[in-house]
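With the sequences and hints as input, model every part of the structure.
Taken in sequence, the protein lines are chains A and B.
In this text, residue positions in the first sequence follow the working numbering: the first is 1, and each later residue adds one.
In this text, residue positions in the second sequence follow the working numbering: the first is 1, and each later residue adds one.
Heads up, none of these hints are tricks.
Here are the computed lysine-lysine pairs in the DSBU-like style, where the Cα-Cα straight-line distance is at most 35 Å:
1. K253/A x K297/A
2. K14/B x K245/A
3. K245/A x K297/A
4. K245/A x K177/A
5. K14/B x K253/A
6. K217/A x K337/A
7. K14/B x K177/A
8. K253/A x K177/A
9. K297/A x K177/A
10. K14/B x K217/A
11. K297/A x K14/B
The hints are simulated quantities; they were obtained by calculation from the structure and are not laboratory data.
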Amino acid sequence: MASDVILVIVVGTALAFDFTNGFHDTANVVATAISTRAVPPRLAVTLASMLNFVGAFVSLKVAATVGKGIVDPGHIAGSHGMTIVFAGLVGAIAWNLATWWFGLPSSSSHALIGGLVGSALAASGTAAVDGNGLLSKVVVPALIAPVLAFAVAGVAILVIYRIVGRLRPGLVTRGFKLGQLGSAGLLALSHGTNDAQKTMGILTLALVAHGDISADKFAVPQWVVISAAGSIALGTYSGGWRIIKTMGSRIIKMDAAQGFAAQGAGSAVILAASHFGYPLSTTHVINGGIMGAGAAKRLSAVRWGVAGNIVVAWILTLPCAAAGGALVYGVTRIFGKGVTGPIVVSVLILIASFMLFTRRARGTAAAAVPA
Amino acid sequence: MSAASIVDWGALGKVVLYSVVAGVGVPAIYGLAVLGAARSTDAQRARRGGPATAYALLALLGGVACLVAIAYGIVVMTQKS
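And the structure:
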């Protein structure tokens, strides 16, 4: 009975994380298209939400990687295992909410992996974590991806300016706004494919711990796919406007060609990496692309202070989410091995989230009142 | 165990190569499509039928090539499952 209750809590928390993932990462897909006015904001978010939902059904390979490639499923068993998953999820949600509060586009994927690694380390020590998998599948790609996107977007925009530089600006802008529809659509689809699967992997890991699924036959149930797809789509539709503002206008002031180059380079890097099995952070790639498209035009076009804050948030994501996951695991253990700990932490995180959203909503409403 | 033996540098090299080819190539082709559309419009206004048709063809081919690239991207996504 207690393990059933913990499973329900873990499923609810995983779907809540998926919602924050969509909410947090809406900006990855729509910020450049909104900033260049290629698509009206609400329409952009609606289309991104729909394509995120569809994208979640495209592939299940990343789900398997997250479910068994980072943390050893052998150490995630029974109620104790589900508590580890729960603590990791709460650590990731807390980091996502904190970075959303400051309008920083950090990686939800790294928050999830960090949270899970932290809680597993706190619970079972280093034996529970696949260090090689973490290094080869997360850390090294995290270093390469944004630099690669930066370089590719930079070269792409220089080539584009070379081709269209002498044309009338109005026609060129209209042409690249049209192009952004295609590149944004591809980004939304790949985002749904990559990110919804991470929650599917975590949910399946919890079902393995609960004994519903064999660890040897790691298959994602259909209800998990549908609920994860729905949750990330709903989060995307809700739109993290603070991060959209940061990415769309605070890093660089973008023209349509730069937006197209950033999205095109981002799509190319994400798809090439996914094809070879590297679960990249879409956030890192798109932000790298935006900075590259800006810097290639003029180095001073990039607001390096904002870019620096974003990079610091990237560096802090894995360790901070891990510390959060470990801390939450420790708090749940204060209440013993039963269901009390997860219930208490769930109530606390719900209250904290409610206060955060209410305070932000008040702030937004106050800002909207004319002086 | 060293990082060199854990990380598959060959696969990462291919990621870099494919990213550069697709990430620069597709925007460049789309840029040519925009160039074709703009020049075709100008040629039509100047009542120069030959260049207008040639530039329109460039715009069409560039646009189709980009649509094919998007379709290929979707195929790549489905193939990783």
